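Peer 1: Each chain is listed here by its residues.
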Amino acid sequence: MISGYIDRIEDGVAVILLQDGDYLLNFPAELLPENLGEDDNITLDIQLDTEN
Amino acid sequence: MKNFIQTLCAVVLACTVFLTGCSPQTGDSSTGDNVGASARAEAVGQLTVKVLNIGQGDAILIQTGEQNVLIDTGDDKFYEDGKKGTANNMLFNELSKAHVTQIDKLIMTHAHADHIGKAAAVLERYNVKELIYNGIDRKNGPFKKTKNKAEELGIPMRSVEAGDILDFGNGASFEVLNPTAQKVLDDNNAIESGKKIEYNENSIVGKLIFGEFSMMLTGEVESEQDKDVKSYTEQGIIQRYPGQLHCQILKVGHHGSKTSSSQEFLNAVQPEIAVISAGVNNSYGHPHKEVVNRLKNLIGTDNIRCTSYNGTITITTDGSNYWLTSEDDEKRL
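Those protein sequences? They're chains A and B, same order as listed.
Here this note's numbering is used: the first residue of the first sequence is -17, the next is one more, and so on.
Here this note's numbering is used: the first residue of the second sequence is -18, the next is one more, and so on.
Okay, chain B solo, but in the shape it has when bound:
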């Protein structure tokens, strides 16, 4: 009975939020920038973004009413204490909760197992229409497995690069900011000649745009560790898109690792809300306190959410205003 009452209260609260637009975590999206503005269509209906609680990794579901888009899938197995080696089906549970039976676009930001470990299984289960990646052909691990599965199932696979704009339907678009075509070319040549590359550097980074709402999706792009600014780092993105990176929502890069989210990048994005995807008691200490402190100083504790604290985090927007909720919205980092 207690559970029923809690559920009923949650439903009533959610309905109130949608009907009145009144919530402590709402925002006005009228400050969006002009990246690709000429290509934007009118926002139709509502857009929902769910940063899914899938353990240590990333999986972000975008639902436009016309398309279901999944960005990354999280890992295939649990590797934390108590669950080691068992199948991680948190993604499937979350997709079921969101009533997803088909995925129009599966986007793999980069070829690390905590981002695409489950991708081959998603292709098998969800009638995926298109597989999108960063153009880097990794020869082992889940990338190879996923590519083989896509070929087996006849799912088209294509790469994107900075400057591309993906249509997510109903006026939602995704503007790709990273990697550059040159970086992909260089790194594929390096792989062919047996040289090492850094997969994080090729992460797909982009802006989700819906009306005046925007959200920065970061993959695992890292910040510059020295003064030699490279085009594939956060600082490189700032140089390529000066004054054009502001977004209401920031999906914090690399699970809140101190190797990402430089002060310069945070200043360029100027988010109102920051969302982190990290697993409970993960081995890497994500999110790192340096990043959390930077975010707290910039936007305050109440405007930060993390899946390891708050569970799945949901952002809904009508293109003008947005609403933020999470499964356990009382906890703070």
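Chain A extracted, bound-state conformation:
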């Protein structure tokens, strides 16, 4: 599990800082789960899709 937080929203891009700022992920803000936004701490879980 990767931890991070949403530092800011830049023109529709959620700027997510991961692992205490070691990495930055630009993520489409419109694809964020509902009610998530600037300032929220998040976890990121990436898994292999075995069905497609």
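Be a bit skeptical, because a hint or two may be false.
What the hints assert, rightly or not - Estimated spans, in silico, between C-beta atoms of each pair: (1) E33(A) x N121(B): 31 to 37 angstroms; (2) K270(B) x L0(A): 27 to 33 angstroms; (3) D118(B) x D(-7)(A): 24 to 30 angstroms; (4) D27(A) x Q251(B): 50 to 56 angstroms; (5) M138(B) x D2(A): 19 to 25 angstroms; (6) M(-17)(A) x E105(B): 27 to 33 angstroms; (7) D309(B) x D(-7)(A): 24 to 30 angstroms.
Since the hints were derived computationally from the structure, they do not count as laboratory data.
Note that the coordinates shown come from a computational prediction; the quantities given were computed from them, not determined experimentally.
Ideal Cβ positions, reconstructed from N, Cα and C, are used throughout, including at glycine.
Assemble chain B onto chain A, guided by the hints.
Peer 2: The following block gives chain B in isolation, referenced to the frame of chain A:
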């Protein structure tokens, strides 16, 4: 040898500019407005403002001869292609070039990493006397890290709000126009109750004043997207300070993003020179062409500088005239 000759030419040119006041990018500062005029002291010596080339972010060094003031620090790391994850020490290099060993005031305009990512490291390195922020207590990221570092080092931390005037020494002052006390109160209450706030809205915006010279510093305050004018937007600032926003120099808001620098705000400031801080090949397309075109129409291409094109941009003033130079002053947006 070629480098030596280039350096020598640059030094001679700089000396010529200071001795004669003759440069294509000079200005007369006699049109300054009257915000807080009664509190202003006489300008002593020269004031230098450097919009530092620190990648994607903001860092502005103000040197009055009496104080070194740093407004924002840029990001802690590089996140662009080719440098991802490596430490961004461009700020330290720029401060070394400016012979800075101590910072009297570190001002954090707002709690985004591209503005204050390096702030904790600055506190550790530069014997900072005072840490100033907008009164919004963010609970994570570089703000929390910086606040903890300030407490550890015993560095006093205080907030400012619209109406405050900071003394930068030798007659230079900074008049705070944003955020309002009410907005800060509302947003801190919102944070405590788990509601979302927009950190850009609380950016410290203010006028740097030195004699008849003035420069508008904008943080990331944004323009109104609908007709419901709010007090913390560019339009709100215009309403609170009607006819009082003119400045010779504008540090363009939000790295030249189209979410800032509305035509109304540009008309209110009526700058002669616009300066943008943005990183080379940044992920966000800053500065946006809409803003650049607005500025070109208002003041012409030759009066716009951007750190991603021109490197560190330096403005020097004696309180009457000002001089603009940059590391690569031939390039234009």
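Peer 1: Take the hints in turn and mark each one as holding or not.
Peer 2: Results for each hint:
1. E33(A) x N121(B): 31 to 37 angstroms: With a Cβ separation near 35 angstroms, E33(A) and N121(B) satisfy 31 to 37 angstroms, so the hint holds.
2. K270(B) x L0(A): 27 to 33 angstroms: Given range 27 to 33 angstroms: holds, Cβ gap about 31 angstroms.
3. D118(B) x D(-7)(A): 24 to 30 angstroms: 26 angstroms, holds
4. D27(A) x Q251(B): 50 to 56 angstroms: 52 angstroms, holds
5. M138(B) x D2(A): 19 to 25 angstroms: For M138(B) and D2(A) the Cβ distance comes to about 22 angstroms; the hint holds.
6. M(-17)(A) x E105(B): 27 to 33 angstroms: 31 angstroms, holds
7. D309(B) x D(-7)(A): 24 to 30 angstroms: Given range 24 to 30 angstroms: holds, Cβ gap about 27 angstroms.
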